[in-house]
Amino acid sequence: MTGIDIRGVTKRFDLDGRSLTALDSIDLSVPEGSFAALIGPSGCGKSTLLRLIADVFAPSEGAIAVGGRPPKAARLNHEIGFVFQAATLLPWRTVRENVALPIEIAGVTPRRSPEALIRLVGLQGFEDAKPAQLSGGMQQRVAIARALVLEPKVLLMDEPFGALDEITRQRMNVELLRIWRESGTTAILVTHTISEAVFMADRVHVLSANPGRVAGVVDVDLPRPRSIDLMKSPRFNALENSVRQVLFDDDTEAESTPERAHG
Amino acid sequence: MTSPVDTTVDTPDWRALPTRGQRAEARLAAFWRFISRVALGVGILVALWGGAIALFDVPIFVAPGPLDTWQAFVEQGDRLFGALGFTLTGVAIGLALAVAIALSLGVIFTLSAPASRAFMPLVIGLRTVPVLAVAPLLIMIFGRGQGTTVATVVIVGFFPIMVNAMRGFRSVSPTVHELFHVAGATWWQLLIKARIPFALPFFFTGLRVATTSALLSAMLAEWLSGAPGIGRLIYDALGYRDMPLMFAAVALSMATAFTIFGLATALERRLAR
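The listed protein sequences correspond, in order, to chains A and B. Numbered by the numbering used here, the letters in the first sequence go through residues 1 to 263 in order. Numbered by the numbering used here, the letters in the second sequence go through residues 1001 to 1273 in order.
Treat the hints as calculated values from the structure; they're not laboratory data. Accuracy of the hints is not assured; some may be wrong.
Said to hold, decoys possible - Some residues of chain B that are not near chain A, with every Cβ distance over 10 Å (derived):
#1 1062
#2 1212
#3 1228
As the list claims (entries may be wrong) - Examples of chain B residues toward chain A, derived with CB under 7 Å:
#4 1182
#5 1184
#6 1185
Since this is a predicted model, take the numbers as computed values, not measurements. For each residue, glycine too, the CB sits at the ideal point set by N, CA and C.
The shape of chain A in the complex, shown without the other chains (with noise of 0.2 Å):
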């Protein structure tokens, strides 16, 4: 099983001498195959966590595993696929090159050509184009081909859609779920916006700030496959208030001072 486990994961780091504890005893679990959301107010340490899972950092407590294996091991398997919040696509090379980038690093012959999945991601025809033609939405559908390419059983993603308008956003966000569910991956979407959180996943786990903590979970209980008309049905809007009381469970008190009412 490939699900991911968090068990008491505590992050510190050193800023000038000082500790500083971007996430605390976070417990948090993903089951094989779902999709996970993570949201939170900046700070709250939500990129920080994602990249526990994926081996950039280790934490300085607790334990991570990823298909009941440690991170590292995970990751030098090829299991691990991460989009970031910029494409981070290398400007000399092609889409095919781009997307080709994880093979040639790890050296191995994927089941799935990079072709097959510039055609996953609806690419067909800009296979040679350099990434400064193309626009913000395909630079990202280039990061998630690539991301995909050596077939990860967990994609991780850092606001991958947060640079994009909100138009273009949620078309990448209904692509994303068919995407998502050709592939078989165990997902996790960082965000920061409520209406996405929802609509992406089975279950949003929200982080709270200074430091981060896992403040509460709301299950999406909502049928697959998703369309955006979902977004204007009563239950969706229910989803959606109580992820915003988990999410501001903290400032309910302060409400009533004037100028917090507004922020």
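Keeping the supplied structure of chain A fixed, place chain B upon it in accordance with the hints.
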């Protein structure tokens, strides 16, 4: 043809992208514009020079006009180009060595912080020593031939190349590092597939700076060492008061410096894409 519910609005038509031929054509047109501007500038300069010599009736042993200079250029072309070839050989060998040393040191200093801390001050120290001060030492070591020229070019040239290359190696963004890390890349793969390509524009900036100072330092080394290059030729022509030859040699070295600079800049632009 397009359905009303188009899910790929952010997908422009690939046929609208400029083709290779169109881009080459645009580049060629830009090149000719550049050449004609340069020709115009040189033409005006030569006209002013000729006009001034004629107007003030300057004798040829003080300063020759464009025609006398051209005559010297034609008559002593073999000598001029022979000397230039000698100098350029020194410059080329020196620059090749400078690049090799600069890139080796740059990679070592980028990858190893202890090595950087230990040797960087030494390298900067070597850089700050005036070449003129160590020239006699270099002549003692490398002799009155090509050796001193090469050594001077290396000393002057490797530093800008190394500094720029290191800046390039370090210009790789944190997310690119993370991308390679998550993919399980080795330090070597990161170097080959990311650090070096990202460093190329920086490297060529360094090479351009080094190349322009290389000709200067080579000619200076020849003045001091007496090696038979274009630098020495200018010095000797001045000594014999052969002003047309000196002017021709000066003009030739200026044109050479300009050409080298132009080639280095074009290379920089070409490969930075």
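Evaluated hints:
no., hint, result
1, 1062, "55 Å, holds"
2, 1212, "26 Å, holds"
3, 1228, "43 Å, holds"
4, 1182, "5 Å, holds"
5, 1184, "5 Å, holds"
6, 1185, "5 Å, holds"
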